[in-house]
Every structure is written in structure tokens, then in C-alpha cells.
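S.K.: Each chain, written out:
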Amino acid sequence: MNSFLDVKGVSKTFPGVKALDNVNLHINKREIHGLIGENGAGKSTIIKILAGVYKPDSGSISFLGNEIHNDTISHSLSRGISVIYQELCLVPYMKVYENIMLGFEPSKGLYSGAESRKRAAQVIEKLGLELPLDAEVRKLDIAVQQMVEIAKAFSRDSKLIIMDEPTSSLSLNEIEKLYKIIRNLKNEGVSILFVSHKLEEISEICDRCTIFRDGKTIISKEVGDLTRDQMVFAMVGRTINNYYTSTHTPKDKTLLEVKNLSKAGVINDVSFKLNEGEVLGMTGLIGAGRSETARMLFGLDTFDSGEILLEGKTVSFRNPHEAMQAGVVMVPENRKEQGLIPQMGVGYNMTIAVLKKFIKFIRVKSKIENDIIDKYMKSLGIKAYSPLQLVSNLSGGNQQKAIFGRWLATSPKVLILDEPTRGVDVGAKTEIYGIIDELAKSGVAILLISSELPEVINTSDRIVVMSKGAVVATLNDKDKFSQETIIKYCIEGAVVHE
Amino acid sequence: MNDNMTYKNLLINKVIRSIVNYFKRNIGILSGLIFIMILVSFLSENFLTASNLLNILRQISTNVFLAFGMSFVILICGIDLSVGSVLAFSGVLAAYMIGVWNWPVWLAVLAPIIICTLVGIFNGVIVTFTGIAAFVVTLSTQTIFRGFAMLIANGAPIRIINQAYITIGTSYLGPIAYPIIYTAFAMLVCYLLLNKTRFGRHIYALGGNRTAALFAGISATRVEVFVYALSSFLAGFAGIVLSSRMTAGVPASGEGYELDAIAAVVLGGASFTGGVGTIGGTLIGAIIIGVLNNGLNMLNVAAFWQYVAKGVVILLAVLTDVLRKKRKERSSIIKMK
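Chains A and B supply the protein sequences, listed in that same order. The first sequence begins at 6 in the working numbering and counts up one residue at a time. The second sequence begins at 3 in the working numbering and counts up one residue at a time.
Some hints could be false.
[As the list claims (entries may be wrong)] Lysine to aspartate or glutamate pairs mimicking DMTMM-like chemistry, simulated, CA-CA at most 20 Å apart:
#	chain 1	residue 1	chain 2	residue 2
1	B	LYS16	A	GLU374
2	A	LYS221	A	ASP169
3	A	LYS182	A	ASP11
4	A	LYS388	A	ASP219
5	B	LYS16	A	ASP430
6	B	LYS198	A	ASP11
7	A	LYS113	A	GLU103
8	B	LYS198	A	ASP376
9	A	LYS446	A	GLU436
10	A	LYS34	A	ASP11
11	A	LYS164	A	GLU179
[To be verified] Residues of chain A placed beyond 12 Å of chain B at every Cβ, according to the derived structure:
#	residue
12	GLY70
13	GLU103
14	GLU110
15	GLN127
16	ALA140
17	VAL241
18	THR250
19	PRO347
20	ILE357
21	VAL396
22	LYS418
23	ASP442
24	THR479
25	ILE496
Simulated from the structure, these hints should not be mistaken for lab results. Every residue, glycine too, gets a C-beta built ideally from N, C-alpha and C.
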């Protein structure tokens with residue numbers, strides 16, 4: 006009987022919503038198992054049940070042949086189930102080895118730092134990791150922190166390690182490293198539940214995968230037996246024909262020109278032009294200087310030298326307010342941290358940048374306010390039952406659209422989009438591509454910063470590739486965009502201009 | 003005529019709706035207040051009389067002033083511990099200006115309030131530009147201005163005999179004491195500021211998510227400095243009124259008032275993590291504290307036990323409110339999915 010983890014017919018209802026409806030999940034020993042599904046499909050719920058955070062209403066779970074009932078978090082840890090959440094749970098001011106051994110410090114009466122360090126060193130050696138054991142965690146890069154989490158999970162003799170969207174903040178290189186470590190874990194006899202919504206990753210790393218939709222198990226199969234289209238269909242429940250839309254034609258008028266923008270240690274001699282009605286893709290590895298450039302354009306950071314020209318005039322914004330008034334706006338990379346005011350309604354979030362339009366001293370013109378909200382809720386297709394609904398209760402896609410609405414209400418000339426589809430499910434993604442296309446049609450100049458190459462290739466008119474703070478390639482011919490070339494530029498960083 | 007009627011109806015509808023909403027939003031804390039009032043009125047027949055209720059309103063006016071200022075501060079995720087000292091400083095300074103320098107009353111009222119506002123601007127500037135925690139900054143100004151109040155008065159109260167000045171805090175308009183009128187006015191202004199201006203929306207944005215507010219083009223600096231200035235301004239004004247009522251500038255007055263103000267804000271449903279809270283809620287919070295003080299006195303509860311009772315009630319009230327909101331939150335998520 007080859008039963009490692011067997012989840013059978015598990016249901017979980019939160020008052021009013023069925024988060025899991027009779028789901029099955031079967032994982033073998035030494036298996037990398039993918040779990041995919043859109044936001045709200047029930048991935049987090051099953052993770053939390055396995056971690057002992059929630060208790061299932063019905064169904065059975067057996068792990069290593071033992072039936073599991075009413076586990077708490079510490080129960081499930083001691084059974085050998087560890088979860089690495091998207092938001093890492095490390096203590097920033099403690100050292101790496103202290104974090105690895107946290108809660109499981111070896112002790113013979115008294116705590117011994119040296120003993121802890123020794124154990125931690127053994128763990129990372131076994132995994133083939135290189136980690137600065139004595140560094141404080143807060144000083145580490147996010148990718149390194151994630152490795153610390155993995156070492157922590159492994160040190161606890163975990164037999165199943167659950168990783169929730171582990172690649173969401175990693176660069177291509179780092180993802181490769183992560184895959185290597187995951188394979189090492191597998192060789193050490195650990196099973197991995199790899200939760201993601203990126204299909205490419207599942208195909209690359211996983212042995213088998215299970216697809217959830219609306220709290221139900223749709224498919225569970227060998228990865229090799231599934232095509233991409235089948236996966237998409239299983240996730241979304243319909244076929245998406247026109248995944249990308251690109252019907253606009255850029256105009257000949259330069260709207261924004263960046264000339265030799267430099268800042269010591271951040272970006273070096275960045276130049277590009279952006280025309281009216283054009284979508285300019287900007288891609289590169291994490292740390293290539295894309296977001297940094299965008300921050301300078303939006304007045305969030307200063308630069309040492311260079312020039313920004315808007316409609317031929319030199320501009321220099323000291324803060325986002327000035328940028329906004331000049332018609333340059335940005336949908337930031339990190340929706341939760343930089344975009345949303347979580348405890349307020351959708352309407353409030355959409356109008357916060359245009360209050361001047363309807364509040365004069367102490368007179369609030371509710372009609373104008375409602376008209377603005379209405380207009381963008383309709384045109385962007387934001388699904389909320391009322392403008393007063395808390396923005397934090399919306400799905401990722403709708404939240405992102407609300408932030409779009411916030412900026413569209415200011416009638417921008419230049420729209421900077423930093424990773425606009427991150428954490429957004431497939432359905433909403435296509436809608437966002439449609440919106441981008443519509444905006445370009447209406448003459449807005451769009452700078453699309455993205456790490457997802459298919460997205461950049463299929464929506465942009467031209468592409469700028471950045472590497473190590475510099476523009477290494479500008480691709481002007483839309484028909485010749487290819488993933489391979491772009492990746493080459495990203496990694497090799499040779500300066501090429503077509 | 004017809005148009006006029008519908009307009010009037012609309013207006014009435016709007017007012018009724020906002021009153022209903024107000025009750026709905028504060029239902030937890032309001033029922034607590036009513037419960038306490040019923041309890042005390044059964045135990046003491048003197049409690050539920052018009053004169054006593056007006057008396058309570060007068061007694062809480064100082065705390066309400068401080069609590070309104072504190073509401074703004076807590077909304078942007080800050081804290082202002084200096085208000086008690088600033089209040090004492092303001093009263094002592096006014097008493098000194100009148101008694102020793104023989105300044106005219108209007109100037110002796112205006113000058114301390116302006117100086118107090120500057121203290122607030124100082125607090126705000128330090129907090130916003132250096133990033134030092136508001137708790138630390140205002141703890142320092144608390145000590146500094148307590149010291150100044152003591153220095154000016156040489157440690158002992160300064161008597162005030164100027165009748166015009168005394169009128170400020172002790173006169174009545176019909177049955178209503180002046181401080182109640184000031185309170186009502188302050189409430190109106192604070193309410194409008196928070197709900198009907200851009201500034202108010204910026205406050206909620208800043209308290210809710212500072213980074214996002216910055217990305218949305220809101221100047222944190224301006225809002226932050228203004229909020230601390232407002233808090234000190236209100237404390238300065240409250241200091242004038244209090245010294246007028248006591249007919250003396252008392253350097254030791256206002257000790258611990260910042261905590262009562264914080265208690266009122268928290269009872270009123272504000273969140274310490276910022277972005278959540280209302281002026282109306284704070285008012286009810288202050289009333290609860292006032293009713294408790296008054297009721298416990300009426301019931302002849304020994305002073306030391308009053309502390310215990312007050313603490314327990316505050317904790318219970320906040321606890322029930324938090325539990326109620328959690329439940330509500332859970333059910334609101336359900337509606338969505």
C-alpha cells in the first residue's frame with residue numbers, strides 16, 4: 006500500500022461559502038506534486054487544513070498510514086508536514102542558524118548556540134545549500150530568505166513540504182536554484198506539494214499535478230499526460246481563445262522620452278522613447294533596474310543625471326503628486342503594500358487620486374463621485390456588489406482593476422504598469438490585456454514592466470530589455486520578438502540595438 | 003412647490019439615513035452605554051435627571067476635546083501623549099499672562115493656544131521627518147511641557163481673578179454650560195474635517211496604508227503635521243477652558259488625561275493600527291467614561307474601586323466590540339465569494 010498522503014472527500018464550509026467541496030488529493034512518497042488553480046479555487050484552504058490551521062468538516066486525511074483528526078499546527082509539524090507560506094515567517098533580527106532551528110533548538114537543559122549552529126550547518130550541507138549562517142535574516146535577499154525557510158522545514162525532519170507560490174518573488178536564476186534544491190529534497194526522500202498558478206512551472210518541476218476549480222478536484226494526473234490547453238481548461242472551466250488582444254496602432258508622436266538616466270549603483274544610462282498610443286514592454290531579471298526606473302519616472306526616487314522629457318519639455322517630479330498632475334501615473338508592482346487602502350471601500354480606493362473633482366472645501370458632490378466610480382466600475386468590469394464593499398474582500402483581479410480605475414480617473418497621458426498581472430488569475434488577466442489595448446487605442450502611452458515574457462511579447466509594440474541597471478536591447482520589430490532572444494539578452498546583458 | 007417638497011423629502015431621508023447608519027455602526031458601544039445608564043439609574047434616582055445629564059456633558063468636555071484630537075492622531079496610526087501636559091501648560095501660561103503681565107483677556111487666550119499649536123507642529127515635524135516613533139516624540143514633549151508649566155507657575159497654582167476670563171468656562175446659555183457649546187462646535191468642525199474634506203480622506207488613506215497613500219500622490223508630511231497641530235490646538239483650548247473653570251492655572255492639572263482620551267477613542271471603535279475610527283464613535287466613548295465616573299460617584303463607590311471598575315468596563319467594552327466586528331468581518335467575506 007503506497008499511501009503517503011491521501012486526502013479523501015474533504016469538504017470545508019465557511020459560513021455561506023463552500024471553500025472545499027469533496028476534494029481528493031493523493032501524493033506519493035518522493036514526489037513533487039503540483040497543485041494549481043485560480044484564486045479562490047481552494048488551494049489555500051487545503052494547505053491550511055494540512056497545516057492544522059483549519060479543521061475539515063468532513064472527509065478523511067491519512068498521512069503515512071495514520072488517520073489524521075483534529076490536528077493542530079504543532080501536531081502537523083511533528084508529523085512531518087511543513088508549510089512555506091508566500092509571506093515568509095522568519096524572525097528578521099535573528100541569525101540564519103537561529104531561524105533554522107527556531108522552536109526546535111537542541112537542548113540539554115540549557116540552550117546552546119554552538120550546538121544549534123552545528124545542527125543548522127549539517128542541514129544546509131545535506132541540502133547542498135550555501136547560506137551565511139551568522140547573518141541576520143533581515144539583511145538577506147528574499148530568495149535567500151526562502152532558502153532559509155526550506156532549510157528550516159528540512160531540519161524538522163519534514164516528510165512533506167508544502168510550498169505556496171514559491172516562485173512569486175524570484176528571478177529566473179533564483180527559480181533555477183530553487184528547482185535544484187527541490188530536486189535535492191526529493192532525493193532525500195521528501196515529498197513536495199508545489200502550489201502555483203503558473204503552468205510552465207508545473208510542467209517543468211512536477212511529477213504529477215492536481216487541478217482545483219471552485220473548491221473541487223478537477224483533474225489529478227501525471228504532468229506528462231497533460232497539455233497546456235487541458236490545464237487551462239481545467240483551471241478556468243472554459244477555453245480562452247484570444248488570450249491576448251493587440252488591436253491598437255501606435256501613433257508617430259513621442260510623448261515621453263528618457264535620456265541617459267543614471268543613478269549610482271541603481272541604473273546606468275537608461276534611454277528610451279514612448280509614443281502616444283504605444284505599449285512599450287520593459288523586461289529583465291529581478292534587480293535589472295526596471296522598477297527603479299519607473300519609480301524615478303513617477304517622482305518616487307531621485308536620479309543623479311539624465312533627463313525626462315514629457316511632450317518635449319524637461320520634467321522633474323519631486324513626488325507622485327506632481328507626476329500625476331503632469332499626467333504620468335503608475336500602477337505599482339505590489340498591490341497590497343503600495344496600492345490598496347484595505348479597510349476602505351472600492352469606491353473610496355478608486356477616487357482617492359481625484360478628490361479635487363468632487364470635493365470643494367467641505368462640499369462633497371456625491372453625484373460626481375458616484376458617476377466617476379460607476380463609469381470605471383462598468384468600463385473595467387469590476388465585480389463588487391457596491392462601491393462601499395471593502396476592497397480587501399475583492400479578488401486579486403478586481404483589486405487590480407480598481408487600482409487601474411484610480412489612475413484612469415485622472416485621465417493620464419502616460420501609464421506605467423509594473424507587473425500588472427501578478428497574482429491575478431487567468432480570466433482576469435485576459436481582461437487586463439484587453440484594457441491595456443483599449444487604453445493604447447485611446448492614445449495613452451503605456452510602459453508595461455513585466456517579468457512574464459509571453460505577456461510582454463504579445464501585448465507590446467516594442468520591447469526594452471534591461472540587465473544590471475542598463476538597457477541592453479531595444480527590440481523594434483514586433484514580428485521578431487522571441488522568448489529565447491529576450492532571455493539571452495536578460496542573462497548575457499550584451500548591448501544590442503536593432 | 004412640488005420640487006421643493008421632493009427636495010425637502012430627499013434631505014430628510016438623507017438625514018434619517020445617516021442617523022440610522024450612525025446607530026448601526028456604533029450599535030455595540032451604544033448598547034453598552036445604554037446598559038450602564040439603565041443600571042445606574044436603577045441604583046441611583048438622581049442619575050437620570052436633566053441637570054445631572056447636562057452636568058455629565060460638561061464634565062466630559064475636556065476629555066472630549068483631547069479625544070477628538072487623539073482620534074485624528076490614532077487614525078493616522080500615531081499617538082499623542084503630550085496632550086495632558088500641553089493642557090496644563092496652556093492654562094498656566096494664560097493665568098500668568100493675565101495675572102503677572104496684565105495682558106488683555108483675548109490675547110491671554112489666543113497666545114497660549116497659538117503656542118500650543120506650535121508644540122503640535124513641532125511634534126508632527128519631528129515624527130514625519132525623522133521617523134522617530136510618535137510615542138517617543140510625544141513622551142518627550144509631555145515631560146518638557148509639564149516642566150515648563152511647573153517652571154512658569156513655580157510649582158503652585160496661579161490664581162485667576164479676571165472675571166471676563168472666568169466667564170469663558172463657567173457661564174451658561176440657558177441651562178447649557180459654555181463648555182458644552184464649545185464641545186458641540188468642536189465636534190461639528192472635526193466631523194466636517196474628517197468626512198467632508200479631501201484632508202479627511204487623506205487621513206484614512208494614510209492610516210490605512212501609508213505606502214499606498216504615497217503612491218496615490220498624497221503628501222504624508224502635510225497631513226501628519228496638521229494632525230499633531232490639531233491635537234495640540236484642541237489641548238491648548240481645553241486648557242484655557244479648564245483653567246477658567248478652576249479659576250487658576252494649575253501646573254499639575256491634566257495628568258493622565260492623555261490616557262482617558264485614548265480610552266475614549268478606543269471605546270469609540272478606532273483601531274490602533276490606523277485607518278479605522280470616527281468622531282461620532284469617540285464622542286460615545288467619552289460619554290461612557292463620563293457616565294461611569296459620574297455613576298460611580300453617585301453610587302458612592304470608593305475612589306480606589308472606581309479605578310478598578312473603570313478599567314474592567316473599558317476592557318469589556320472593547321472586547322465585545324472586537325468580537326462583534328470579527329464576526330461581522332467573517333460574514334462580509336462570505337457575501338463576496
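S.K.: May I ask which of the numbered hints given earlier this structure violates, with the numbers listed in increasing order?
M.R.: 3, 5, 6, 11, 19, 20 and 21
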